[in-house]
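One letter stands for each residue in the lines below.
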Amino acid sequence: MIINHPLLGPRDASEFTYLGDASLIDRPDGMAENAADAFYDYAYLRDNPAGEHRELWYHEAGDRSWLVVTRNTLTHEISKVELARDVARARGRTK
Amino acid sequence: MRYSGFRVIKEALTGHKGWKPVWREPEPKSHYDVIIIGGGGHGLATAHYLSKVYGQRNVAVVEKGWIGGGNVGRNTTIVRSNYLLDGNEPFYEFSLKLWEGLEQDVNYNAMMSQRGIINLFHTDGQRDAYIRRGNAMILNGADAELLDADQVRAEHPYLNFEDARFPIKGGLVQRRAGTARHDAVAWGYARSADLHGVDIIQNCEVTGLRIENGTCLGVETSKGFIGASKVGCAVAGNSGRVMGMAGMRLPIESHVLQAFVSEGLKPVLPSVITFGAGHFYVSQSDKGGLVFGGDIDGYNTYAQRGNLPVVEDVCEGGMALMPMIGRARLLRMWGGVMDMSMDGSPIIDRTPVQGLYFNGGWCYGGFKATPASGYCFAHLLAKDEPHPVATAYRLDRFRTGRMIDEKGAGNQPNLH
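From first to last, the protein sequence lines stand for chains A and B. Heads up: the first sequence begins at 1 in my numbering, then just goes up one per residue. Heads up: the second sequence begins at 1 in my numbering, then just goes up one per residue.
Keep in mind that the hints are not guaranteed to be accurate.
[Claimed, not checked] Listed below are several chain A residues computed to face chain B (Cβ distance under 7 Å; list not exhaustive):
(1) Tyr18
(2) Ala43
(3) His53
(4) His76
(5) Ser79
Hints were generated in silico from the structure; no laboratory data involved. Beta carbons are placed, not taken as given, at the ideal position from N, Cα and C, and that holds for glycine.
One chain only, chain A, in its complex shape:
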């Protein structure tokens, strides 16, 4: 698979390590009332879709940026690559 890095252009997937579903950006509030349930959900449960999947890739052998890659889990086709930083900020994260 070739991941079209927003800053560096097309890079081989073997330069990256994979973390998982992009929902891992949305870390729950540890101080909330329902923190135990929220963290169970966050840490262990997955949508695991057959089809379009937004997921986190880390460019470990490159510029060490985190990317959100939109990829089809049935065909391995990559339709969108974003910097995870931009995605996180768009979701209201400060960093």
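Please arrange chain B on chain A, whose structure you already have, making use of the hints.
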């Protein structure tokens, strides 16, 4: 029809006109006591034990394609019980004991071959870990034996003992481990289940689960609605999709594992061998091909094919372990979709939906577990309580902190 040596001779003398199809092709009835979704190794084994051991006669297996077309036809056929943790080892040892009697039990030649497995170690720390594992195995009634480098050399002289980075220091052996003919396992279980009255319904895809007031009433399929008092889901690899029909999110990601087979060679490998310094394992099939594999690709996928970086990684492992493998040409490679669970261990349990039961999360260790998985799932379906060797495989163990993490890798499915 029972298979026997006498039967083979009789058929040979009468023109082989007496062989019959090995299972029926029934149309689904409107209602069953138990429906098992998934006609793979685990689903068919469940049907066999449900009907033969637990006396359930009104059982169906529904399969979207043909039986045995998923992971039971895609694995590297290794059978072993060399686990460490209390939640796992009694289960896998139970499974290995069932493997030892499987062919007599189902009256089908599964070519079970107890040729042994050796896990090589390359450092002192690894040796200590294997001693501990071997002791855990012995405590649970399995067999284990520690070999030093000279003893390994006597059995496997072709290995790369003098590798500068990863010299072979010895290995942990389980003599009762081995390989089995994977397709015959599915066919043997299917035939036996069919003989005990189970309806095996192929080309019947489950498209939905009918759930009312928190109770599962049956399955919607491409052949219409089929009612059931209990529905068991055994579709590892696709668990997320099927349980998603019940609105459930699972502690599972689907990943692809690739496997490889070389051209046929004369006998060179007497047992299954695993490399301790990289992820590589290899055995030789009865046809002569070297069957080997390594790591999963490491990203979510439902495609039954992988990518080239892992092919390279596996072949590097092979070359590091036994350089002679470089002289063999690769014949075929393929991929299978795994349920990778959050702790690397499986799940056999009830679900929050009444009448819906789940069997999955087998990671890439499902084949060796086939008999025990079927037995324990049948026990759960028949008695509504877990089998004594499968009590740890709870669906909610991640919520309660009772993980069974052999590798200690945490909630990172692609690292298990």
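Holds or violated: is the Cβ of Ser79/A closer than 7 Å to a Cβ in chain B? violated, 15 Å
Tyr18/A as an interface hint toward chain B, with CB separation required under 7 Å: holds, 5 Å
Chain B contact restraint for Ala43/A - C-beta distance below 7 Å: Nearest chain B Cβ about 5 Å off; hint holds.
Answer holds if the nearest beta-carbon of chain B is closer than 7 Å to that of His53/A; otherwise answer violated. Nearest chain B Cβ about 6 Å off; hint holds.
Does the interface hint hold: is His76/A within less than 7 Å of chain B, judged Cβ to Cβ? With a closest approach of 6 Å, the His76/A hint holds.
Violated hint for the displayed structure: number 5, the only one.
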